[in-house]
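Go ahead and model the full structure; you've got the sequences and the hints to work with.
These protein sequences, in sequence, are chains A and B. Residue numbers for the first sequence follow my numbering, so the first one is 1 and each next one is one higher. Residue numbers for the second sequence follow my numbering, so the first one is 1 and each next one is one higher.
Don't take each hint at face value.
[Claimed, not checked] Capping the alpha-carbon separation at 30 angstroms, the derived lysine-lysine pairs in BS3-like fashion look like this:
| # | chain 1 | residue 1 | chain 2 | residue 2 |
| --- | --- | --- | --- | --- |
| 1 | B | LYS291 | A | LYS189 |
| 2 | A | LYS291 | B | LYS189 |
| 3 | B | LYS291 | A | LYS291 |
No lab work stands behind these hints, which were simulated from the structure alone. In this text the structure is predicted, and so the values were computed from the model without any measurement.
Here is what each chain is made of, one letter per residue.
2 protein chains.
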Amino acid sequence: MSTSSEPVKIGIVGLGTVGTGVVRLLIESCDHITRHVGRNLVVERVVVRDESLSRQVTLPKGMVTSDLSQITEDPSITVAALLVGGLEPARSIMIELLERGKDVVTANKALLAEHGPELFALARRKGRSIAFEAAVAGGIPIVATIAQCLSANRIEAVRGILNGTSNFILAHMEEEGASYSESLAMAQKLGFAEADPSMDVDGTDATQKLAILIQLAFGIWIPWREIPRTGIEAIHAVHIARAAEMGYRIRLVASASRAENALTMRLEPMLVRQGSPLAEVRGAFNAVEIKGDAVGRIFFHGQGAGQMPTASAVVADIIDTVVGRAAITFDTTGRMIDTHARSKEPLQSDPMNRHFLHLLVRDKPGVLADITGILGTHGISIASVIQQEPTELGAGVPLVIMTHYARQASLRLAMQEIDSRPTVTAPSTCLSVLDELDAPRHSVRESN
Amino acid sequence: MSTSSEPVKIGIVGLGTVGTGVVRLLIESCDHITRHVGRNLVVERVVVRDESLSRQVTLPKGMVTSDLSQITEDPSITVAALLVGGLEPARSIMIELLERGKDVVTANKALLAEHGPELFALARRKGRSIAFEAAVAGGIPIVATIAQCLSANRIEAVRGILNGTSNFILAHMEEEGASYSESLAMAQKLGFAEADPSMDVDGTDATQKLAILIQLAFGIWIPWREIPRTGIEAIHAVHIARAAEMGYRIRLVASASRAENALTMRLEPMLVRQGSPLAEVRGAFNAVEIKGDAVGRIFFHGQGAGQMPTASAVVADIIDTVVGRAAITFDTTGRMIDTHARSKEPLQSDPMNRHFLHLLVRDKPGVLADITGILGTHGISIASVIQQEPTELGAGVPLVIMTHYARQASLRLAMQEIDSRPTVTAPSTCLSVLDELDAPRHSVRESN
Numbered sequence: 001m002s003t004s005s006e007p008v009k010i011g012i013v014g015l016g017t018v019g020t021g022v023v024r025l026l027i028e029s030c031d032h033i034t035r036h037v038g039r040n041l042v043v044e045r046v047v048v049r050d051e052s053l054s055r056q057v058t059l060p061k062g063m064v065t066s067d068l069s070q071i072t073e074d075p076s077i078t079v080a081a082l083l084v085g086g087l088e089p090a091r092s093i094m095i096e097l098l099e100r101g102k103d104v105v106t107a108n109k110a111l112l113a114e115h116g117p118e119l120f121a122l123a124r125r126k127g128r129s130i131a132f133e134a135a136v137a138g139g140i141p142i143v144a145t146i147a148q149c150l151s152a153n154r155i156e157a158v159r160g161i162l163n164g165t166s167n168f169i170l171a172h173m174e175e176e177g178a179s180y181s182e183s184l185a186m187a188q189k190l191g192f193a194e195a196d197p198s199m200d201v202d203g204t205d206a207t208q209k210l211a212i213l214i215q216l217a218f219g220i221w222i223p224w225r226e227i228p229r230t231g232i233e234a235i236h237a238v239h240i241a242r243a244a245e246m247g248y249r250i251r252l253v254a255s256a257s258r259a260e261n262a263l264t265m266r267l268e269p270m271l272v273r274q275g276s277p278l279a280e281v282r283g284a285f286n287a288v289e290i291k292g293d294a295v296g297r298i299f300f301h302g303q304g305a306g307q308m309p310t311a312s313a314v315v316a317d318i319i320d321t322v323v324g325r326a327a328i329t330f331d332t333t334g335r336m337i338d339t340h341a342r343s344k345e346p347l348q349s350d351p352m353n354r355h356f357l358h359l360l361v362r363d364k365p366g367v368l369a370d371i372t373g374i375l376g377t378h379g380i381s382i383a384s385v386i387q388q389e390p391t392e393l394g395a396g397v398p399l400v401i402m403t404h405y406a407r408q409a410s411l412r413l414a415m416q417e418i419d420s421r422p423t424v425t426a427p428s429t430c431l432s433v434l435d436e437l438d439a440p441r442h443s444v445r446e447s448n
Numbered sequence: 001m002s003t004s005s006e007p008v009k010i011g012i013v014g015l016g017t018v019g020t021g022v023v024r025l026l027i028e029s030c031d032h033i034t035r036h037v038g039r040n041l042v043v044e045r046v047v048v049r050d051e052s053l054s055r056q057v058t059l060p061k062g063m064v065t066s067d068l069s070q071i072t073e074d075p076s077i078t079v080a081a082l083l084v085g086g087l088e089p090a091r092s093i094m095i096e097l098l099e100r101g102k103d104v105v106t107a108n109k110a111l112l113a114e115h116g117p118e119l120f121a122l123a124r125r126k127g128r129s130i131a132f133e134a135a136v137a138g139g140i141p142i143v144a145t146i147a148q149c150l151s152a153n154r155i156e157a158v159r160g161i162l163n164g165t166s167n168f169i170l171a172h173m174e175e176e177g178a179s180y181s182e183s184l185a186m187a188q189k190l191g192f193a194e195a196d197p198s199m200d201v202d203g204t205d206a207t208q209k210l211a212i213l214i215q216l217a218f219g220i221w222i223p224w225r226e227i228p229r230t231g232i233e234a235i236h237a238v239h240i241a242r243a244a245e246m247g248y249r250i251r252l253v254a255s256a257s258r259a260e261n262a263l264t265m266r267l268e269p270m271l272v273r274q275g276s277p278l279a280e281v282r283g284a285f286n287a288v289e290i291k292g293d294a295v296g297r298i299f300f301h302g303q304g305a306g307q308m309p310t311a312s313a314v315v316a317d318i319i320d321t322v323v324g325r326a327a328i329t330f331d332t333t334g335r336m337i338d339t340h341a342r343s344k345e346p347l348q349s350d351p352m353n354r355h356f357l358h359l360l361v362r363d364k365p366g367v368l369a370d371i372t373g374i375l376g377t378h379g380i381s382i383a384s385v386i387q388q389e390p391t392e393l394g395a396g397v398p399l400v401i402m403t404h405y406a407r408q409a410s411l412r413l414a415m416q417e418i419d420s421r422p423t424v425t426a427p428s429t430c431l432s433v434l435d436e437l438d439a440p441r442h443s444v445r446e447s448n
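Structure (structure tokens):
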């Protein structure tokens, strides 16, 4: 393959799972990439914390170093991929790379969700770009889609399954009738969950990705900790079974939408109707659904993590950086994002939903009337009730209630009152039901 | 919104459904687009065939003209959207626009499938770009995905539902138990089919789009007429019902894959397993599934046609052209496409599949033995057989056979022999079964 000019030298920081995949892809697909770019891309230097560790890839002697200045001080390296997780030293490294005039590609969603505005501002001051397709939904090109392909649209809603580990656990609980802890153990055994899975199951990881998508889709920077977040740790097999009987699956859904001039955003386990796109996401896959005012609904499904799908996104960003697309998109994205005014629109803190309530109550006359009465006094109308036979002696009778549209705040008050009743034997579970993206707007119905 | 420089003047050629949508979007989303681009985009001139026709949009006097030179002779117009369908005068207009130094955006898949190499070569000679996201799958950003986001991947397979009209008809036949002609009439009534639907139902439209995807995904230009093509005109409600009983839906599938150094490509109605992504595409939606060596399987679903989804893609391309992304991508795509060598790899003309056979036979002893015997002598192994009660007196007994993996050529010979038997009362129907994208490669089994 003839090339028009000098090779482009790439610096890689981090040689973990993703870093190794990126190096492998750059080496193994070299001809293909050279043809696309019109120049040779070569891995010039790989910076690791500990040079002495053995690696999955064999690299030429001298290429691997623990000295970051081998990249920062080398003016011939113009693009660096930052493939170190967590906040530090990732943040300091990115600052150093930008200060030294490198364009940066990264897969680190925590870093961007925590320090995005600072890092983006620094890159702009230095005339550099940050590309981060790999930070959200791995192999699904959702960043490019929002930042570029939907540029003519006002985005009305973005929602997705953005964490493969938690989706694997929920799907495994459903398909195998397994418990939460059995399913988590299986995820760990199959490599879908870390030894410490807390950032996945408590929703931190997905919420950080949602914050990045919100910035792209709505142009507003929301610190990820301000996004209402519920993990999946309290989901029991019985919730999944009862939801399934009513035609739903439970999924950990990241969602953000703009309606009536207010933004609604949250990360929580929700009931998603069987057969709808997000409900049918299985295993460790990710999916994203977007509604734009012109394009309507579009849906994407793919691998959200894993070595090579993530490397695919990182290398595409490296290529985009070398050919100049990344700089343009970083520029256009910068105009769309207002990092100073965190939000010019009010945040809708009290969204309207249908709700799935799972209660355990004493098998006594008048209990159902009492509970439905409490819901009624809070203006919450009931769509359906299923009272089951007791599953164990003394465990209480499972009672499942599906409500009509109600405000979350009203429901919270009602549930506090219900759970304080002596006839309720355990804390109740309350999950929201996800609306279809093109469902008509609903109002509160009269209490029944 | 302050802008950094002069407005960018856009020329529009064609003010039909898509052209009107593009003009509307450019006007109604002006602020949003200006913010993205950093400059104002203004529709300077709209060229139509007949100025006297009434239009869906009201435009300033003097903006609409039938004189193409109002665009070509105006050096201040640098970008033109060619939104006229068919081959002529579309081809001549595109040549004129490129010759006069305009970057072109188009939604015309027939033009690109027929004259792509000539037009792309002209654009390159003139240093101009052609952007064509809207030509394939409307609002689904599949061109950008293949040309840009998957740049680090070798694509192994692309397949999709690329024609909304035919999918609407097939889905309506299945869901309503309606006949082909009733479903076509319904599609026409709802605006999903033209008065003359032949290009949709005979597969021309989807095959032209497939040819464009093949060029992007595999870098090889295949004239669309060389792609084996079967439309949906011969699909009867009874085929759909029998397939459904076996767990399949019938979909018009465009597919191309590279395996064992050969390309396989075709457009035909296939059996797709219920629950798999392409099977669940309903109504007039489009969907595309891609397998890349690094990213694995990714799946996209959205509106493949219609005024605003198509306009969304056209305006995104206009924006990409103005900000410079389109020129870069046209450049990188040009390096990936070899328009001279039509194919350096052999075309696989005899793919291996499972097959669904629907026959009508006389209700006589020995008929089943005779037919299965013919299949056996051609090395075609049978997976299952369902012989039904006669549906009407004298109409013959429906016989449904599902084969194991067999070469299409063997099957064709066997079916010729079977249909020549006097016991077979009507021409048989033979449909291929679509494999899952990550199914293991299959070999021919021993005949049973």
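Status of the hints after comparison with the structure:
With a CA separation close to 26 angstroms, the supplied pair LYS291 (chain B) and LYS189 (chain A) stays within the 30 angstroms bound. Distance check on the hinted pair: LYS291 (chain A) and LYS189 (chain B) sit about 26 angstroms apart at the alpha-carbon level, within 30 angstroms; holds. Simply put, LYS291 (chain B) and LYS291 (chain A) have alpha-carbon atoms about 25 angstroms apart, close enough for the 30 angstroms limit, and the pair holds.
Checked against the numbered hints above, the structure violates none of them.
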